[in-house]
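**Student:** As given, the protein sequences belong to chains B and S, one line each in that order.
Going by this note's numbering, the first sequence opens with residue 1, and the numbers climb by one from there.
Going by this note's numbering, the second sequence opens with residue 377, and the numbers climb by one from there.
Please note that a few of the clues may not be correct.
Ranges between beta-carbon positions, derived for each pair [claimed, not checked]:
(1) B:Gly291 - S:Gly412: 30 to 36 Å
(2) S:Pro688 - B:Asp55: 46 to 52 Å
(3) B:Lys330 - S:Glu463: 33 to 39 Å
(4) B:Leu106 - S:Gln441: 47 to 53 Å
(5) S:Gly523 - B:Gly316: 47 to 53 Å
(6) B:Asn38 - S:Pro693: 29 to 35 Å
(7) S:Glu735 - B:Glu85: 43 to 49 Å
(8) B:Ser376 - S:Val751: 50 to 56 Å
(9) S:Val489 - B:Gly316: 50 to 56 Å
(10) S:Glu599 - B:Ala328: 28 to 34 Å
(11) B:Lys369 - S:Glu463: 38 to 44 Å
Computed from the model, here is a short list of chain B residues facing chain S with C-beta under 7 Å [as the list claims (entries may be wrong)]:
(12) Gln21
(13) Ala24
(14) Asn25
(15) His27
(16) Ser43
(17) Phe48
(18) Gly51
(19) Val153
(20) Glu154
(21) Pro293
(22) Pro317
(23) Leu327
(24) His335
(25) Leu336
By construction, these hints were calculated from the structure, which means they are not laboratory data.
The beta carbon of each residue, even a glycine, is placed where N, CA and C say it ideally should be.
Protein chains: 2
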Amino acid sequence: MTGALRIGILGGGQLGRMLLQSAANYHVETFVLESGSNPPASSVSHHFVAGDINDYETVYNFGKQVDVLTIEIEHVNLEALFKLEGEGLKIYPRPSALQIIKDKGLQKEFYKVNHIPTSGFHLIQRKHELQSHINFLPVAQKLRSGGYDGKGVEILREVEDFHKAFDAPSVIERLVSIQKEISVIVARNAQGDTAVYPAVEMVFDPRYNLVDFLVSPAELTDEQNIAAHKIAIDVLNALNSPGIFAVEMFLNTEGEILVNETAPRTHNSGHQSIEGNYCSQYDMQMRVLQGFPLGDTSPVKPSLMLNLIGEPNFTGPVVYQGLNEVLALKDVYVHLYGKHETKPGRKMGHVTILGEDKEELLRKAEFIKLHLKVVS
Amino acid sequence: MTGALRIGILGGGQLGRMLLQSAANYHVETFVLESGSNPPASSVSHHFVAGDINDYETVYNFGKQVDVLTIEIEHVNLEALFKLEGEGLKIYPRPSALQIIKDKGLQKEFYKVNHIPTSGFHLIQRKHELQSHINFLPVAQKLRSGGYDGKGVEILREVEDFHKAFDAPSVIERLVSIQKEISVIVARNAQGDTAVYPAVEMVFDPRYNLVDFLVSPAELTDEQNIAAHKIAIDVLNALNSPGIFAVEMFLNTEGEILVNETAPRTHNSGHQSIEGNYCSQYDMQMRVLQGFPLGDTSPVKPSLMLNLIGEPNFTGPVVYQGLNEVLALKDVYVHLYGKHETKPGRKMGHVTILGEDKEELLRKAEFIKLHLKVVS
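Modelling step: build the complete structure from the supplied sequences, incorporating the hints.
**Tutor:** Listed below in structure tokens is the structure:
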């Protein structure tokens, strides 16, 4: 396509798929790199390249085909990205920001150095070092790298829990006494403009440690909103990179806001922005990639986002039960990710609900949880 | 894709492309049939089949691959569709509805038989027959078949205009003294539920020198709104087909509403529904195709839709000028159709604007018209 901006996406999952739905609004030519056949993003891109996003040569060669490179997952080959950036390729987010975020140890050090409030922590190399931090319990032990979607995290409340600790480089974080979990999505373009979405509030499903549903905007005091907004901007400024980022935070029982972690990309906690905000996180990413002014983050209406997770005991070709009942509700939007196979706990889609107030949202969400099932 | 509904689309233009952006929210496998390489819809479908949508064998064989068939242009091979329907294939809209609409003569007869208000008309076979309708002037002469996007229409005000008349089967329609042109998009699913969008208004404002733009909702009296709504439902009931239809109407200077013509598909006058209404016309079509309950047609905010047309004197690989300025405006949404080449008058994309009132919409539209240019 003559003259169209060539955009490369590392990763072919649902975040890439939803980005590509927005990409079809622009004069761009899209390239997806992902291993495996038929990932969610492959059917909506111009070009799908099967290959390992962690392999230096593969990522480097992929990057040489495009004008701007982005990610939809942070577990990618960094060396290739640094090399490509050195050769002049635009990469949003920048490899330097990815490097900080990919390593949960570096990420915590980064918050500390930049005076961004976060829970206390120590870095350890081996499990036996836990013995010298017994007074620091209870902690969340997180693998410094490789964790994803709740994997790579263990809660250690007392010495008796040490048997389940990881024996690998990890960060141990003082467990926060959580009042609420919130997330703020922020974007920055190459010109340095920033856009901040209203904070959203997350409710977790303890069975899978995945976001169960989230409500936008979060119920916060004005003070808390201002604080969350400021922290998100501080993280963005310290990262010093164009891109879109999700800053996940805890509001603790003392009323303080602490950063939990940052994702250097569109995020599950921003899915509701597709219908719930005037500019979706995906359209925002498209604006960043093309160097355009940023969009309007204000909410259309209060919204609630519910993940659709593979039911326990079902593995195989996916079947969605209850879509008919759910789509009969007013202002309910189903997003299925085009994954062929379900398995217990797999993210297969999400549903966004718009409503006048939280009460209406929760009522519809209850109905949907009761009726919509991902089985095989 | 095991278990996914296989949806076939006849035609690969921008209407197909926008339908496919919505299709990626559902558990479906998509097939596009269109001649030529790289039409707008090809890069966002699972399967693209190059072939002539007017060829019996091609359409028939394409239809045998899918579970449900739809169109994004009405100029398709009807015989193949009747054959496929006879063999049990779901085709929305039904071939019987397409047959009526494809032939502007049959379409006018259909309105007359069903007591749907429309301007007076006569059918003629050859140009010389105009002589016996001199008292019926002024008229719009429309070719019974093959017309599209304003092509195949001649205005004959007096006998002196007859030299430009078509010498082919055509309908001559009494020229309406137009107060407003409006359009109502209606949908029906196989269960017989209907959904009606608020009427939109085609605005011709010489101040802004716009080819055309459209404002939603139309400025109509309650009575006019009720009448337009009722007429659209009457057309839908008489067509007796699932699908999505655009009923274009005139409000004449006497305050009567007359049907101009009906499109058996999503329509240019519904593009603004993507951001301007809670359920877009494309999501609505996806609901119809899957047999789901219909969506919410109410407006999010007042909206204005502006077509992006190739500038005169530019032919070749397309360049969009002024996107940066336009995307700096609040709540402006650009949709570029992925056409590689521009030529004078070619529809290359559209822009939707949301705003608090018509005044704000017109102000933004004027700015966009001034800054955004489709050149080469």
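**Student:** Each of the hints needs a verdict: does it hold here or not?
**Tutor:** Now the hints, each set against the structure:
| no. | hint | in the structure |
| --- | --- | --- |
| 1 | B:Gly291 - S:Gly412: 30 to 36 Å | holds, 32 Å |
| 2 | S:Pro688 - B:Asp55: 46 to 52 Å | holds, 50 Å |
| 3 | B:Lys330 - S:Glu463: 33 to 39 Å | holds, 37 Å |
| 4 | B:Leu106 - S:Gln441: 47 to 53 Å | holds, 51 Å |
| 5 | S:Gly523 - B:Gly316: 47 to 53 Å | holds, 51 Å |
| 6 | B:Asn38 - S:Pro693: 29 to 35 Å | holds, 32 Å |
| 7 | S:Glu735 - B:Glu85: 43 to 49 Å | holds, 46 Å |
| 8 | B:Ser376 - S:Val751: 50 to 56 Å | holds, 52 Å |
| 9 | S:Val489 - B:Gly316: 50 to 56 Å | holds, 53 Å |
| 10 | S:Glu599 - B:Ala328: 28 to 34 Å | holds, 31 Å |
| 11 | B:Lys369 - S:Glu463: 38 to 44 Å | holds, 40 Å |
| 12 | Gln21 | holds, 5 Å |
| 13 | Ala24 | holds, 5 Å |
| 14 | Asn25 | holds, 5 Å |
| 15 | His27 | holds, 5 Å |
| 16 | Ser43 | holds, 5 Å |
| 17 | Phe48 | violated, 11 Å |
| 18 | Gly51 | violated, 20 Å |
| 19 | Val153 | violated, 31 Å |
| 20 | Glu154 | violated, 35 Å |
| 21 | Pro293 | holds, 4 Å |
| 22 | Pro317 | holds, 4 Å |
| 23 | Leu327 | holds, 5 Å |
| 24 | His335 | holds, 5 Å |
| 25 | Leu336 | holds, 5 Å |
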